[in-house]
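Chemist: Build out the structure end to end from the sequences listed, making use of the hints.
Keeping their order, the protein sequence lines are chains A and B. Per numbering that gives the first Met the number 0, the first sequence starts with residue 0, numbered consecutively. Per numbering that gives the first Met the number 0, the second sequence starts with residue 0, numbered consecutively.
To be clear, the hints were calculated from the coordinates, so they are not data collected in a lab. Honestly, I wouldn't trust all of these hints.
In silico contact screen, one side only, chain A against chain B (beta carbon under 7 Å); selected entries [claimed, not checked]: (1) M50; (2) L52; (3) R84; (4) R87; (5) S88; (6) M92; (7) S96; (8) H102; (9) A112; (10) R115.
List of simulated lysine to any residue pairs, SDA-like, C-alpha gap at most 20 Å [said to hold, decoys possible]: (11) B:K117 with A:E173; (12) A:K81 with B:R113; (13) B:K207 with A:H143; (14) A:K81 with B:M127; (15) A:K81 with B:I128; (16) B:K117 with A:V114; (17) B:K117 with A:P54; (18) A:K223 with A:P54; (19) B:K117 with A:V116; (20) A:K81 with A:A63; (21) A:K27 with A:M65; (22) B:K117 with A:R84; (23) B:K117 with A:M50; (24) B:K207 with B:V136; (25) B:K117 with A:Q85; (26) B:K117 with A:T61; (27) B:K117 with A:S96; (28) B:K117 with A:L119; (29) B:K117 with A:M65; (30) A:K141 with B:R210; (31) A:K81 with B:S122; (32) B:K117 with A:P66; (33) B:K117 with A:H89; (34) B:K117 with A:S88.
All C-beta atoms in this analysis are idealised placements derived from N, C-alpha and C, irrespective of residue type, glycine included.
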Amino acid sequence: MNPIIRFSNVTKRFGALTVLRDFDFEVKQGEKVTLIGPSGSGKSTVLRILMTLEPFQEGTLTLAGMPYHEPDGHGPFKAREKHLRQIRSHVGMVFQSFNLFPHMTVLRNVIEAPVRVLGLSRNEAECRAVDLLNMVGLADKKDHYPSQLSGGQQQRVAIARALAMRPRVLLFDEPTSALDPQLVGEVLGVIRSLAHEHDLTMLLVTHEMRFAREVSDRVCFFDKGQIVEQGEPERIFSSPEQPRTREFLASVLG
Amino acid sequence: MTWTQLLPNLIKGAEVTALIAVASTLLGAVFAFAAGIARVSGGRLLSAIALTYIEIFRGTSLLVQLFWLYYALPLIGISFDPIATGIFGLALNIGAYGAEVVRGALVSVSEQQREAAKALNFSGAHTMIHIVLPQAVIEMMPSFCNLAIQNLKDTALVSFISIADLSFHAQSLRNLTLQSVPIYTLTLLIYFAMALVIAAAMRWLENKLRRGAAFPKGAAS
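Modeler: Structure representation (C-alpha cells):
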C-alpha cells in the first residue's frame, strides 16, 4: 500500500538555520507514529509543514498522493491557496496551546468549520458536534465559553473540533505540554481512545514517553533535523541502538 | 438676552453638530475598517493605496481639507452641499486615524488563532470576518471612543464652511449681543454633554460586544 504521507529529501530552513535536512519519512494509512527527541530537533516542524503552516525549500512531500507543490512545476512555497486548501481538507491539528476561538461557545467552536467550510447544515453539524463532545466527555459544557473551562477540557474540545472536519491525518503538537500535571491524564485518555480508530492516521509529538510507548505503532527519535532511530516502541524504549537515543531516553526517563 | 433666551438658538446649532458628528463617525468607521483591513491583508496594491490615504489625511490640516473639499473641489466639477461636504471631510479624517487603530487591533490577535483557523481549512476572508475581527473589535473600542469624541470637537471647524452648527450659532449670537460669557459657557457645556453621551454610548457598545464575546478582559488566550 502507498504511504499516505511521504517526505522525500525535504529541506526546511529558517533563514540561515536548517531545521530539516534531506528529510525522508513515510507514514502508512492508519499508522500511529510518535516523534520524540530534544526540543529544537525539528519534530514540530514536521507537523507544521504537513499542516501547511510552514513552507519548505527543497524536496517533495505528498499527502495521499497529492504533492504539496502544484504539478505544473511551481516550487512548494509558490503553491496556490486553492491547492493548499485541498490538502488541508485531509489534515487536522491539535495545538499545544489549544487555540480555541475565545469568542465562541464550545459548540460553535466545533460546528463553525463544518458549517462554513464543509457546508453542512447547522442541524447536522450540531448532531455530529454533540456526538464528538460526548466522546471527549464534555457534552454538558457545550454552551460554555473556552475561558470557563480548564486547560484539559479546552484541549479535549480542540480534539473534538479537529475531528469534526473528519481528517484522514490528525497531528498532535505536544498536546499536553501546556497542562498542569493533574490534567494530562484526561487528554491522554481521549487520544488513547482515538488510537483505536483503525483508519485515522496519527502523528504525535510528545514528551510523555510512557504514553508514546503505549499508543504508537512506531516511535521515531529526532535529533538535529533528522530521524536518528525508529522502530516499534518496545524496541526503541528497551534496547535503543544509537548512543544518542540512549542518552536522550536516559535523560528523560531519569 | 437671558440664558434661557440664548439656549434655543444654541440647541438648534447643536442639532446640526450632532447630525454631523454621528454621520461622520459612522462613515469614518467604514473608511477605518476598509483601510485598516487593506493594510493588514489587502495585498501590496491595496495596502499601498490605504497607506497613502492614511498618511495624506493624518498629515494635513483638517481645516485645509475642509476648505479644499468646499472651495477647490467644485472648481474641478464636483460639488456637494455644505453638510455633506462637512460629513465627508470629517469622515475621511477620522477614518485615517481609525484605520491605524483597526490595523493595530487586527495585528494584536494572536498568530495562533490564524493558525487554528488554517488548520480547520477556513478561507482567508472567513478567518478575517469570523475569527480575527470579532476579537479585534473589542480591542478597538477604547480608541474608537477617543476618536469619536475628538471628532465631535472637530465638527466646530465646519462652521468655517458656512454650516450653521453649534459653534456657528455661538459666534453669531456673540456678534449680535456681545454676551461672551453666557454664550460660550453654554456652548462648552453643550459640547461637554454631547461628549458624555458619546462616551456612554461607546462604553455600552464595548460592554455589549464583550458580553457577546463572553471573554472578560485579559482572559482571551
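Chemist: So, for every hint listed, does it hold in this structure?
Modeler: For each hint, the structure was consulted:
no.	hint	result
1	M50	holds (5 Å)
2	L52	holds (5 Å)
3	R84	holds (6 Å)
4	R87	holds (4 Å)
5	S88	holds (5 Å)
6	M92	holds (4 Å)
7	S96	holds (6 Å)
8	H102	holds (4 Å)
9	A112	holds (4 Å)
10	R115	holds (6 Å)
11	B:K117 with A:E173	holds (18 Å)
12	A:K81 with B:R113	holds (17 Å)
13	B:K207 with A:H143	holds (18 Å)
14	A:K81 with B:M127	holds (17 Å)
15	A:K81 with B:I128	holds (19 Å)
16	B:K117 with A:V114	holds (15 Å)
17	B:K117 with A:P54	holds (14 Å)
18	A:K223 with A:P54	holds (19 Å)
19	B:K117 with A:V116	holds (11 Å)
20	A:K81 with A:A63	holds (17 Å)
21	A:K27 with A:M65	holds (15 Å)
22	B:K117 with A:R84	holds (9 Å)
23	B:K117 with A:M50	holds (8 Å)
24	B:K207 with B:V136	holds (12 Å)
25	B:K117 with A:Q85	holds (12 Å)
26	B:K117 with A:T61	holds (19 Å)
27	B:K117 with A:S96	holds (15 Å)
28	B:K117 with A:L119	holds (18 Å)
29	B:K117 with A:M65	holds (18 Å)
30	A:K141 with B:R210	holds (17 Å)
31	A:K81 with B:S122	holds (9 Å)
32	B:K117 with A:P66	holds (18 Å)
33	B:K117 with A:H89	holds (12 Å)
34	B:K117 with A:S88	holds (10 Å)
When the structure is compared with the earlier hints, no violation turns up for any of them.
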